[in-house]
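Student: In order, the protein sequence lines correspond to chains A and B.
All residue numbers for the first sequence refer to the working numbering, where the first residue is 112 and numbers rise by one.
All residue numbers for the second sequence refer to the working numbering, where the first residue is 112 and numbers rise by one.
Hints are computed from structural coordinates only; laboratory data are not their basis.
The structure presented is a predicted model; accordingly, all values stated were derived computationally and were not measured.
Do not rely on the hints blindly, as some may be mistaken.
Put simply, identical chains are the same to the list, so a pair is met inside one copy or across any two.
In silico DMTMM-like cross-links for lysine to aspartate or glutamate, where the CA-CA straight-line distance does not exceed 20 Å [claimed, not checked]:
hint: 1; residue 1: Lys310; residue 2: Asp295
hint: 2; residue 1: Lys228; residue 2: Asp129
hint: 3; residue 1: Lys228; residue 2: Glu164
hint: 4; residue 1: Lys259; residue 2: Asp348
hint: 5; residue 1: Lys259; residue 2: Glu127
hint: 6; residue 1: Lys249; residue 2: Asp323
hint: 7; residue 1: Lys310; residue 2: Glu275
hint: 8; residue 1: Lys342; residue 2: Glu227
hint: 9; residue 1: Lys259; residue 2: Asp129
hint: 10; residue 1: Lys115; residue 2: Asp188
hint: 11; residue 1: Lys114; residue 2: Asp250
hint: 12; residue 1: Lys249; residue 2: Glu202
Protein chains: 2
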Amino acid sequence: MGKKNLETCFSPALYEADLHKGSIVVIIDILRATSAICTAFANGASSIIPVGEVEEARDYKKRGYLVAAERDGYVLDFADFGNSPFNFTREKVEGKTLVYSTTNGTGIINLASSAEKIVIGSFLNISALSRWLISQNKDVVLFCAGWKNRFNLEDTICAGAFAERLLQSGLYSTICDSTLAALDLWSVAQKDLTGYIEKVAQRTRLRSKGLDDCIGFCLTPDFTEKIPVIKNGILVDNIS
Amino acid sequence: MGKKNLETCFSPALYEADLHKGSIVVIIDILRATSAICTAFANGASSIIPVGEVEEARDYKKRGYLVAAERDGYVLDFADFGNSPFNFTREKVEGKTLVYSTTNGTGIINLASSAEKIVIGSFLNISALSRWLISQNKDVVLFCAGWKNRFNLEDTICAGAFAERLLQSGLYSTICDSTLAALDLWSVAQKDLTGYIEKVAQRTRLRSKGLDDCIGFCLTPDFTEKIPVIKNGILVDNIS
Numbered sequence: 112m113g114k115k116n117l118e119t120c121f122s123p124a125l126y127e128a129d130l131h132k133g134s135i136v137v138i139i140d141i142l143r144a145t146s147a148i149c150t151a152f153a154n155g156a157s158s159i160i161p162v163g164e165v166e167e168a169r170d171y172k173k174r175g176y177l178v179a180a181e182r183d184g185y186v187l188d189f190a191d192f193g194n195s196p197f198n199f200t201r202e203k204v205e206g207k208t209l210v211y212s213t214t215n216g217t218g219i220i221n222l223a224s225s226a227e228k229i230v231i232g233s234f235l236n237i238s239a240l241s242r243w244l245i246s247q248n249k250d251v252v253l254f255c256a257g258w259k260n261r262f263n264l265e266d267t268i269c270a271g272a273f274a275e276r277l278l279q280s281g282l283y284s285t286i287c288d289s290t291l292a293a294l295d296l297w298s299v300a301q302k303d304l305t306g307y308i309e310k311v312a313q314r315t316r317l318r319s320k321g322l323d324d325c326i327g328f329c330l331t332p333d334f335t336e337k338i339p340v341i342k343n344g345i346l347v348d349n350i351s
Numbered sequence: 112m113g114k115k116n117l118e119t120c121f122s123p124a125l126y127e128a129d130l131h132k133g134s135i136v137v138i139i140d141i142l143r144a145t146s147a148i149c150t151a152f153a154n155g156a157s158s159i160i161p162v163g164e165v166e167e168a169r170d171y172k173k174r175g176y177l178v179a180a181e182r183d184g185y186v187l188d189f190a191d192f193g194n195s196p197f198n199f200t201r202e203k204v205e206g207k208t209l210v211y212s213t214t215n216g217t218g219i220i221n222l223a224s225s226a227e228k229i230v231i232g233s234f235l236n237i238s239a240l241s242r243w244l245i246s247q248n249k250d251v252v253l254f255c256a257g258w259k260n261r262f263n264l265e266d267t268i269c270a271g272a273f274a275e276r277l278l279q280s281g282l283y284s285t286i287c288d289s290t291l292a293a294l295d296l297w298s299v300a301q302k303d304l305t306g307y308i309e310k311v312a313q314r315t316r317l318r319s320k321g322l323d324d325c326i327g328f329c330l331t332p333d334f335t336e337k338i339p340v341i342k343n344g345i346l347v348d349n350i351s
């Protein structure tokens with residue numbers, strides 16, 4: 112049996128949906144969407160509805176849902192809280208269906224909708240998700256969310272960390288330059304991950320808005336065993 | 112006076128023309144287009160007409176031009192030779208206007224047409240072009256051609272080598288994650304550039320067609336002082 116193919120995509124603008132119909136797509140947006148989603152499930156959320164438009168989030172709020180919603184780093188007036196992982200405490204989310212407002216994320220979920228499966232990756236669930244991927248015997252695409260369609264370093268580094276684990280299993284091969292680059296960048300970054308993230312553009316953007324308190328947490332490996340997966344457009348806990 | 116901004120673009124699909132109207136754009140496509148263009152000028156070509164369509168190249172041939180034209184690595188039947196830098200010898204090109212067929216390249220030139228200036232970069236002219244850029248006091252975009260809109264490593268590494276030289280001048284700053292990644296990848300690759308390029312997808316593609324003999328040459332720094340520049344859609348020698 113041949114090895115499964117591992118690819119990495121650095122931006123929604125580079126995603127080739129037709130090539131990945133049989134693949135498992137891992138969405139990586141570590142500062143902060145996919146870290147927040149992993150945290151919510153770790154703290155007992157039952158499901159998360161990702162919504163793209165502010166008005167859609169507002170409608171969910173009117174119908175009684177707990178809503179996390181920001182635009183440009185500011186919590187929207189009708190929302191219960193913002194998009195930081197620190198907001199998704201057990202007290203707030205356990206047993207609940209949440210609404211998470213994310214323009215970038217919903218676009219990516221739509222782009223990848225023809226894939227075999229879409230799962231949510233971050234450092235917080237890296238070992239559990241890597242083990243699960245290895246057990247699936249499918250091609251894998253590490254899909255970095257980027258920022259406004261641009262390449263970003265923090266998601267690339269996390270993709271490199273996933274790629275290292277998958278390739279070490281001996282079950283995957285890659286001829287994808289993006290994967291090779293992610294591996295090399297991870298090898299540079301992992302020597303001092305916190306220091307490395309200091310130079311990243313997204314950190315600068317978050318810091319300017321006082322939203323950078325969660326970055327150390329977002330770099331923590333294996334905070335949870337949860338593997339969020341998209342089913343019918345909704346995020347659910349794959350393990351339970 | 113503030114520092115000038117340095118950015119890197121990894122693919123035509125990621126180029127943001129509106130942001131770069133006042134910038135000098137350096138097109139980097141080292142295996143093999145921009146290396147071949149630098150070689151042609153080093154060997155005395157007077158100008159190069161980049162054409163996108165095969166039929167356009169054929170028309171130029173009928174009108175008596177010397178035409179370099181390949182598709183998928185095969186020399187087209189009407190062409191004088193293919194796209195390898197080794198074809199652009201002094202005997203063939205000195206004093207002549209050439210036609211160079213490149214689908215990818217003409218698309219990029221069109222994309223960047225609103226920029227202040229478009230120049231051609233490769234390892235072959237890296238020192239001369241870096242010095243010239245530093246003398247211009249303009250924002251710079253390192254525009255990697257990629258391959259079929261995908262990220263590629265060889266152009267990224269070359270962009271990292273340019274970025275290192277520009278930043279060392281102290282005249283530029285960057286908050287662009289792509290530039291930071293290119294710098295880190297260059298720092299990994301430069302220890303053994305030939306060995307590093309061994310793993311690159313484009314090398315595999317060229318090797319499968321027997322077109323990889325020029326790769327060592329394409330990695331040679333400072334073969335020429337020439338700085339090809341686009342003027343009215345035509346490549347000319349900026350220095351002369």
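Student: The structure should be examined with respect to each hint, and the outcome stated for every one.
Tutor: Do the hints match the structure? See the list:
| no. | hint | result |
| --- | --- | --- |
| 1 | Lys310 - Asp295 | both (17 Å within a copy, 12 Å between copies) |
| 2 | Lys228 - Asp129 | within (14 Å within a copy, 36 Å between copies) |
| 3 | Lys228 - Glu164 | neither (24 Å within a copy, 39 Å between copies) |
| 4 | Lys259 - Asp348 | neither (28 Å within a copy, 37 Å between copies) |
| 5 | Lys259 - Glu127 | both (17 Å within a copy, 11 Å between copies) |
| 6 | Lys249 - Asp323 | neither (36 Å within a copy, 32 Å between copies) |
| 7 | Lys310 - Glu275 | between (23 Å within a copy, 16 Å between copies) |
| 8 | Lys342 - Glu227 | within (11 Å within a copy, 48 Å between copies) |
| 9 | Lys259 - Asp129 | between (22 Å within a copy, 15 Å between copies) |
| 10 | Lys115 - Asp188 | neither (47 Å within a copy, 39 Å between copies) |
| 11 | Lys114 - Asp250 | within (9 Å within a copy, 45 Å between copies) |
| 12 | Lys249 - Glu202 | neither (37 Å within a copy, 54 Å between copies) |
In this structure, the earlier hints numbered 3, 4, 6, 10 and 12 are contradicted, and the remaining ones agree with it.
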